[in-house]
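Residue 20 in the numbering used here sits at position 20 of the sequence shown; the count goes up by one each step and never skips.
What the hints contain is simulated information worked out from the structure, not anything from laboratory work. Model, not experiment: these values are computed from the prediction. It is possible that part of the hints are untrue.
[What the hints assert, rightly or not] Label pairs and their in silico Cβ distance ranges:
hint	residue 1	residue 2	range
1	Met1	Ala49	16 to 22 Å
2	Asp11	Met34	27 to 33 Å
3	Met34	His12	15 to 21 Å
4	Asp11	Glu40	16 to 22 Å
[Unchecked claim] Below are the DSSO-like pairs computed for lysine-lysine, each with C-alpha atoms no more than 27 Å apart in a straight line:
hint	residue 1	residue 2
5	Lys20	Lys30
6	Lys31	Lys18
7	Lys31	Lys20
8	Lys30	Lys18
C-beta atoms are modelled at their ideal positions from N, C-alpha and C, and glycine is treated no differently.
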Amino acid sequence: MINNFMCERCDHYMVCEKLKPLMKFHESAKKDMMITLTMEECMDYAPDADVKGDDSASED
1 MINNFMCERC
11 DHYMVCEKLK
21 PLMKFHESAK
31 KDMMITLTME
41 ECMDYAPDAD
51 VKGDDSASED
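From just these sequences and the hints, can you work out the full model?
Structural data, given as structure tokens:
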């Protein structure tokens with residue numbers, strides 16, 4: 001499981017190379033790895049222009 005999964009709100013979501021290794025821990029994974037990760041930040045994060053008013057991932 002990944003807490004604060006900000007990738008879905010990122011403009012780079014479809015082309016991000018960092019996402020593939022993370023998906024092993026996502027709740028949609030076929031097998032639960034029994035590991036919980038918390039995303040604090042991503043240096044490549046760019047708020048999705050289509051998502052309006054939900055910029056909580058970039059707030060301090």
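Hints, one by one, checked against the model:
The supplied range of 16 to 22 Å is broken by Met1 and Ala49, whose beta-carbon atoms lie about 28 Å from each other. About 32 Å separates the C-beta atoms of Asp11 and Met34, a value consistent with the hinted range of 27 to 33 Å. A C-beta distance of roughly 29 Å is found between Met34 and His12, which places it outside the suggested range of 15 to 21 Å. Checked against the hint of 16 to 22 Å, the pair Asp11 and Glu40 passes, with Cβ atoms roughly 19 Å apart.
Restraint check: the Cα-Cα separation between Lys20 and Lys30 comes to about 14 Å, which is no more than 27 Å; the hinted pair holds. Annotation: proposed proximity of Lys31 to Lys18 holds, straight-line Cα distance about 20 Å (limit 27 Å). Taken as a hint, the Lys31 and Lys20 pair is honoured in the structure, with Cα atoms around 15 Å apart against an allowance of 27 Å. Restraint check for Lys30 and Lys18: the C-alpha separation of about 19 Å stays at or below 27 Å, so the hint holds.
Hint compliance for this structure: hints 1, 3 are broken, all remaining hints hold.
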